[in-house]
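Hints in hand, dock the two standalone chains.
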Amino acid sequence: MSKIVQGLYYTTHHDWVKVDGNKAYVGATDYAQHALGDIVYVELPEVGEEFGVEDAYGVIESVKAASDAYAPLSGKIVEVNSELEDAPESINEAPYEKWLVAIEMSDASELEKLMDASAYEDFCNKEA
Amino acid sequence: MENVKKTALYDLHVKYGGKIIEFCGWALPTQYEGGGINAEHEAVRTAAGMFDVSHMGEVEVKGKEAEKFINYLVPNDITVLEPNQVLYTQFCYPHGGTVDDLLVYKYTNEDYLLVINAANVDKDYAWIVENSKGFDVSLKNISPEVSEIALQGPNAEKILQKLTDTDLAQVKFFYCKKDVNIGGASCLISRTGYTGEDGFEIYTSNEDVSAVWEKLMEAGKDLGIKPAGLGCRDTLRFEVALPLYGNELGEDISPLEAGLGYFVKLDKEADFIGKEALKKQKAEGLKRKLVGLELKGKGIARHECEVYSGDKKVGFVTTGYQSPSTGKVVALAIVDTEYTEMGTQLEIQIRKNRVPAEVVAKKFYNKSYKK
Numbered sequence: 001m002s003k004i005v006q007g008l009y010y011t012t013h014h015d016w017v018k019v020d021g022n023k024a025y026v027g028a029t030d031y032a033q034h035a036l037g038d039i040v041y042v043e044l045p046e047v048g049e050e051f052g053v054e055d056a057y058g059v060i061e062s063v064k065a066a067s068d069a070y071a072p073l074s075g076k077i078v079e080v081n082s083e084l085e086d087a088p089e090s091i092n093e094a095p096y097e098k099w100l101v102a103i104e105m106s107d108a109s110e111l112e113k114l115m116d117a118s119a120y121e122d123f124c125n126k127e128a
Numbered sequence: 001m002e003n004v005k006k007t008a009l010y011d012l013h014v015k016y017g018g019k020i021i022e023f024c025g026w027a028l029p030t031q032y033e034g035g036g037i038n039a040e041h042e043a044v045r046t047a048a049g050m051f052d053v054s055h056m057g058e059v060e061v062k063g064k065e066a067e068k069f070i071n072y073l074v075p076n077d078i079t080v081l082e083p084n085q086v087l088y089t090q091f092c093y094p095h096g097g098t099v100d101d102l103l104v105y106k107y108t109n110e111d112y113l114l115v116i117n118a119a120n121v122d123k124d125y126a127w128i129v130e131n132s133k134g135f136d137v138s139l140k141n142i143s144p145e146v147s148e149i150a151l152q153g154p155n156a157e158k159i160l161q162k163l164t165d166t167d168l169a170q171v172k173f174f175y176c177k178k179d180v181n182i183g184g185a186s187c188l189i190s191r192t193g194y195t196g197e198d199g200f201e202i203y204t205s206n207e208d209v210s211a212v213w214e215k216l217m218e219a220g221k222d223l224g225i226k227p228a229g230l231g232c233r234d235t236l237r238f239e240v241a242l243p244l245y246g247n248e249l250g251e252d253i254s255p256l257e258a259g260l261g262y263f264v265k266l267d268k269e270a271d272f273i274g275k276e277a278l279k280k281q282k283a284e285g286l287k288r289k290l291v292g293l294e295l296k297g298k299g300i301a302r303h304e305c306e307v308y309s310g311d312k313k314v315g316f317v318t319t320g321y322q323s324p325s326t327g328k329v330v331a332l333a334i335v336d337t338e339y340t341e342m343g344t345q346l347e348i349q350i351r352k353n354r355v356p357a358e359v360v361a362k363k364f365y366n367k368s369y370k371k
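These protein sequence lines map, in sequence, to chains L and E.
Reminder that position 95 of the first sequence reads as 95 in full-length UniProt numbering, one-by-one numbering, no gaps.
Reminder that position 215 of the second sequence reads as 215 in full-length UniProt numbering, one-by-one numbering, no gaps.
With the rest of the complex left out, here is chain E (with noise of 0.2 Å):
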């Protein structure tokens, strides 16, 4: 693992056992010793779990042009957010598909947070410089600096109280703090997640993330919380159908296709990049959407898995598990429109095998945010 770059929490990681591997450039722990990826999924779902996402880019966006900026950039409507609210949107290209989903996080009219995927830092960085000539804005790419952890699951609240004094149930779903002390550490906060659990998105300094970790395992002791890696993660985020930038959406995938319509306002007033495109693929009518499948038959369908209906090739598979949490055999696909009705019958590839596969919700586990 040359070249590898670790988060300051790295030897945290080797302490509790981490199964390190290469993520987008960052030695990270898919799982921990004496758990496993079903177990870490288990305890986010019913206690708490914390994840080392450091490796996520940070971007600031400030000046008198930062909302107008950051409104041009994306699909969804920065407009109507209060004051340290957080919103879920994507960057897109002129032809619609997907540049990369992030969090924006507003403190004033004058001040954003951009959180974006770390895999995307480098290319999303660079979008947003040579999209940012003309706007009135400074942009600082903060990431080397920043040190995330999030901490998930339905006791999360309780263990985070612990450590500091400001009250969190004031911290409404998709709502930010700043400078909230955590155990002596200065962080910013938000009600944010991946995991469709309640819980925190903590971000803190590099020198401070290790205190602020275990003091977090110490005040979650007899809570249940445990270190949970990029295992389950993924596992957790596809139950609740959170779309993976590189499974869900891509260059080739629109958000529309994604299915995530509902971040997408095609309405507002101001021009966006993609505006257009995006107009004009739901005036056309979707060509391909995305669905959740239930497997009928013996096997489990990957990423890339394609899709039948009898001869013809109707679709491919973005993600696919069996869900931890239901024990069910599924997969999220990109299909053919005329194929995504429910109950609509089809067969995913495995190998040499072709298996039934009935489209069905694509929530496989219902979300249990505290709102």
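The following block holds chain L by itself, in its conformation from the complex (with noise of 0.2 Å):
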């Protein structure tokens, strides 16, 4: 059973958010980690670039092949986690520890479209 933690929100894509203030830190679930497989690569996006709901604002790559990243909210980039570049692989390790970017949000509202943790839970049962 993969790990969910309480008082996030997440995403149909196996994405996790954190919000702090007015900015949403954005992560992959341990389900997407754990269906990803060995991750070894991410691509992210540069601070300031803007993305819609369900934009691809980046890319993770596991030994097999490359995932896109959606964005889970709009807004505006203001941080990327760099320290992922040289160890991807702590993704695996840590997934909802290794946040890949921040987002400005430009809506707060869209995080009522997200699920909850319990949510989430039935969400991916029924996946599995």
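Hint data in this document are derived by calculation from the structure and do not stem from the laboratory.
Ideal placement from N, C-alpha and C gives every residue a C-beta, glycine not left out.
One should not assume that every hint holds.
In silico contact screen, one side only, chain E against chain L (beta carbon under 8 Å); selected entries [unchecked claim]:
1) Ala126
2) Thr235
3) Arg302
4) Arg351
Take a look at the structure:
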């Protein structure tokens, strides 16, 4: 069973979102890192780039394949976790600590469309 | 996964936590629980890994003209084989492109087994039948009745030896032995494989294969054996530049272009399908060939990424990975010959970026066969 953390928001693309003021930190869930397998490369956007909901902002590559990372919320990238460039495998080790990007939300009401932990748990059970 | 075939080992894949995908019409594991592709790759390089390769195809060729017929089908020379020797070769189209690559097992001059790729079984069998006209041979596609395990790695011999009285040291590299008793099951074994490591391919009946697998798991418990999936099968063969049909070889890629000239005997006396085209290709000089590329920038080059020199497209990636054994990001690519010299600086288009890459030796890792 994949680990799910209370108090975060979740997307159908298996991303988690942690809100800090007007900033949303985004990462891949434990379910996602399991599904991807050994992560070997992460391609992240530049600070200042803007994305809409469901826009592909980056790429996570496992040994086998490349998967797009989609923005869960619209807004501007204000931080990227450049630590992941040298240690992409740390997402496998601690998925909920290794955020990919921080987005300055342009519309915080979009959070309401995301899942909470229990809804996400149901979602994962249906996928499995 | 409707209409997907299951191998006789399917229940064991589930038991060992296999992550099952559809591959060439078969339900097979990419990797197993508790490992991951890199861990399984490492197990094969340092201890032993066990693969279910039951999806591979097997065709019996028997009869007075079996040798003559196969020699006409393939560019390699099978007349030099001793009984119980195995040969790597290809089937080619008249234009020199590749129908498939395969292993030829010779039992006698009148009795052979061809082992072909899962994705190509129907195509290959039709090809073999179509080209057998006029030859005194009988053909049988026995793929559905045969299961196959590949046991690969430096500890493979030690593990397998626990289960059989046959002296495995006597089975040399690229030789086989029939009717070997492995834990009570009758098997065909060969010292062959697709990882660059020492090891065996073990053919047996669908009824017996699960027992053989479990006995190998038990025998290898203290010798680091792991079930290994399709994921590391690909990274292992890639690191030692063993070709994969559909990537390095294909209808439009000849064995010469894939760097397999050693296996193409253009001077053999017998005619073979594709001989004229391959001779011409060699005489005129290859226009493109397979090279290794090492990426000098960030990204991972995948199958079909385009390769550039300046603004000119000069080739395409056939397979690319971060090599688990070396950590380097490398790729195999078919590139126009004028750009294939070692050290040539090229670029690979990865999504929206052009990533610099250098032409390097295509064996990214040294094989350690026991010969």
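Hint-by-hint comparison with the structure:
1. Ala126: Since chain L brings no Cβ nearer than about 31 Å to alanine 126 of chain E, farther than 8 Å, the hint is violated.
2. Thr235: With Cβ-Cβ at 6 Å, under 8 Å, it holds.
3. Arg302: With Cβ-Cβ at 7 Å, under 8 Å, it holds.
4. Arg351: Status holds, d = 7 Å.
Violation of the numbered hints given earlier is confined to hint 1; every other hint is satisfied by the structure.
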